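J.: Read top to bottom, the protein sequences are chains A and B.
According to my numbering, numbering within the first sequence proceeds without interruption in unit steps and concludes at 115.
According to my numbering, numbering within the second sequence proceeds without interruption in unit steps and concludes at 1114.
Where hints are given, some of them may not hold.
[As the list claims (entries may be wrong)] DSBU-like cross-link-like pairs, simulated, lysine-lysine; straight-line CA separation at most 35 Å:
no.: 1; chain 1: A; residue 1: Lys78; chain 2: A; residue 2: Lys11
no.: 2; chain 1: B; residue 1: Lys1056; chain 2: A; residue 2: Lys57
no.: 3; chain 1: A; residue 1: Lys14; chain 2: B; residue 2: Lys1042
no.: 4; chain 1: B; residue 1: Lys1056; chain 2: B; residue 2: Lys1071
no.: 5; chain 1: A; residue 1: Lys57; chain 2: B; residue 2: Lys1068
no.: 6; chain 1: A; residue 1: Lys78; chain 2: B; residue 2: Lys1042
no.: 7; chain 1: B; residue 1: Lys1068; chain 2: B; residue 2: Lys1042
no.: 8; chain 1: A; residue 1: Lys11; chain 2: B; residue 2: Lys1056
no.: 9; chain 1: A; residue 1: Lys57; chain 2: B; residue 2: Lys1071
no.: 10; chain 1: B; residue 1: Lys1113; chain 2: A; residue 2: Lys57
no.: 11; chain 1: B; residue 1: Lys1056; chain 2: B; residue 2: Lys1042
no.: 12; chain 1: A; residue 1: Lys14; chain 2: A; residue 2: Lys78
no.: 13; chain 1: B; residue 1: Lys1113; chain 2: B; residue 2: Lys1056
[To be verified] Under 7 Å between C-beta atoms, here's a sample of chain A residues computed to sit facing chain B:
no.: 14; residue: Tyr10
no.: 15; residue: Gly42
no.: 16; residue: Pro43
no.: 17; residue: Glu52
no.: 18; residue: Gln54
no.: 19; residue: Asp56
no.: 20; residue: Phe65
no.: 21; residue: Phe66
no.: 22; residue: Leu91
no.: 23; residue: Gly107
no.: 24; residue: Gln108
no.: 25; residue: Gly109
Hints are computed from structural coordinates only; laboratory data are not their basis.
From a predicted model like this one, the values you see are computed outputs, not experimental measurements.
All C-beta atoms in this analysis are idealised placements derived from N, C-alpha and C, irrespective of residue type, glycine included.
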Amino acid sequence: GAGVSQSPRYKVAKRGQDVALRCDPISGHVSLFWYQQALGQGPEFLTYFQNEAQLDKSGLPSDRFFAERPEGSVSTLKIQRTQQEDSAVYLCASSLAGGGDTEAFFGQGTRLTVV
Amino acid sequence: GESVGLHLPTLSVQEGDNSIINCAYSNSASDYFIWYKQESGKGPQFIIDIRSNMDKRQGQRVTVLLNKTVKHLSLQIAATQPGDSAVYFCAENRFSGNTGKLIFGQGTTLQVKP
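All chains should be built: construct the whole structure from the sequences, respecting the hints.
T.: Below you can see the structure in the form of structure tokens.
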């Protein structure tokens, strides 16, 4: 595809349920980022991959959050035992080069609602 | 702590007027800044970027100004159109080792009145 694709677009989970959010970056992009955006706020960094290596996971809020990019392309963000405070839009972005200092392209996000 | 912030949460302008959206940052070591536009239900869309070795950069109807002395950047939109209505974020690329991550401000909502 031409851009970053995320699925599902919307997810409703019952509290305590596990969820998996998928990101298909632009083909050939080395860098992949996950962000969390609460309502009315700017996106907040969660984690960063360079190819398959997770180089920075300092933004993951708890050990319930886990991300992977096993083949250096598609990435999955998993949240275990979801809680209401996990409700947010989860954004994925990719950029061509490593290092993070080139234009990052964002997907449309997955809106997660925990009830 | 370090932060990136915008001065005004909402800016209302008349169609055809110029818009100026401001942003202050606190990390004097930052050397790459980006403006993003986010429409409702969509992800942030890149508008324009600027590196710290420049003080001005122009795109199509947009100009970004960087003042490193006071750690301030602004986005100017010429002849604002209804399609410019959105939330605008400034973001700073924060480096750590060989990786960088975007630190976003809270955003300014631009409302264009017809």
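J.: Please go over all the hints and tell whether each is borne out by the structure.
T.: Structure-based check of all given hints:
Of the supplied pair hints, the one linking Lys78 (chain A) and Lys11 (chain A) holds, its CA atoms being roughly 13 Å apart against a limit of 35 Å. Distance hint between Lys1056 (chain B) and Lys57 (chain A) is fulfilled; the C-alpha atoms sit about 33 Å from each other, no more than 35 Å. Taken as a hint, the Lys14 (chain A) and Lys1042 (chain B) pair is honoured in the structure, with Cα atoms around 24 Å apart against an allowance of 35 Å. The straight-line distance between the Cα atoms of Lys1056 (chain B) and Lys1071 (chain B) is roughly 14 Å, inside the 35 Å bound, and the hint therefore holds.
The hinted pair formed by Lys57 (chain A) and Lys1068 (chain B) meets the criterion: a straight-line CA distance of about 30 Å does not exceed 35 Å. Between the alpha carbons of Lys78 (chain A) and Lys1042 (chain B) the distance comes to roughly 21 Å, so the proposed pair stays at or under 35 Å and holds. Under the criterion of a C-alpha separation no larger than 35 Å, the hint pairing Lys1068 (chain B) with Lys1042 (chain B) is consistent with the structure, at around 31 Å. Taken as a hint, the Lys11 (chain A) and Lys1056 (chain B) pair is broken in the structure, with Cα atoms around 42 Å apart against an allowance of 35 Å.
Between the alpha carbons of Lys57 (chain A) and Lys1071 (chain B) the distance comes to roughly 28 Å, so the proposed pair stays at or under 35 Å and holds. This hinted pair does not check out: Lys1113 (chain B) and Lys57 (chain A) have alpha carbons roughly 42 Å apart, beyond 35 Å. A threshold of 35 Å between alpha carbons decides the hint, and for Lys1056 (chain B) with Lys1042 (chain B) the separation of about 28 Å falls inside it, so the pair holds. Taken as a hint, the Lys14 (chain A) and Lys78 (chain A) pair is honoured in the structure, with Cα atoms around 15 Å apart against an allowance of 35 Å.
Restraint check: the Cα-Cα separation between Lys1113 (chain B) and Lys1056 (chain B) comes to about 28 Å, which is no more than 35 Å; the hinted pair holds. Because the smallest distance between the Cβ of Tyr10 (chain A) and any Cβ of chain B comes to about 10 Å, over 7 Å, the interface hint for this residue is violated. Given hint, Gly42 (chain A) at the interface with chain B, holds; its Cβ is 3 Å from that chain's nearest Cβ, closer than 7 Å. Of the supplied interface hints, the one on Pro43 (chain A) holds, with its beta-carbon coming within about 5 Å of a beta-carbon of chain B, less than 7 Å.
Interface restraint check for Glu52 (chain A): the shortest CB-CB distance to chain B comes to about 14 Å, outside 7 Å, so the restraint is violated. Annotation: interface hint on Gln54 (chain A) violated; nearest CB of chain B at approximately 10 Å, more than 7 Å. The closest approach between the C-beta of Asp56 (chain A) and any C-beta of chain B is roughly 5 Å, which is under the 7 Å cut-off, so the hint is satisfied. A cut of 7 Å between beta carbons decides the hint on Phe65 (chain A): the least distance to chain B is about 16 Å, and the hint is violated.
For Phe66 (chain A), the interface hint is violated, since its Cβ never comes within 7 Å of a Cβ in chain B; the closest pair sits about 18 Å apart. Of the supplied interface hints, the one on Leu91 (chain A) holds, with its beta-carbon coming within about 5 Å of a beta-carbon of chain B, less than 7 Å. Look at Gly107 (chain A): its Cβ gets to within about 5 Å of chain B, closer than 7 Å, so that hint holds up. A hinted interface residue such as Gln108 (chain A) counts as satisfied when its beta carbon comes closer than 7 Å to some beta carbon of chain B; here the least separation is about 5 Å, so the hint holds.
The beta carbon of Gly109 (chain A) comes within 5 Å of a beta carbon in chain B, closer than 7 Å, and the hint placing it at the interface holds.
Checked against the numbered hints given earlier, this structure breaks hints 8, 10, 14, 17, 18, 20, 21; the rest are met.
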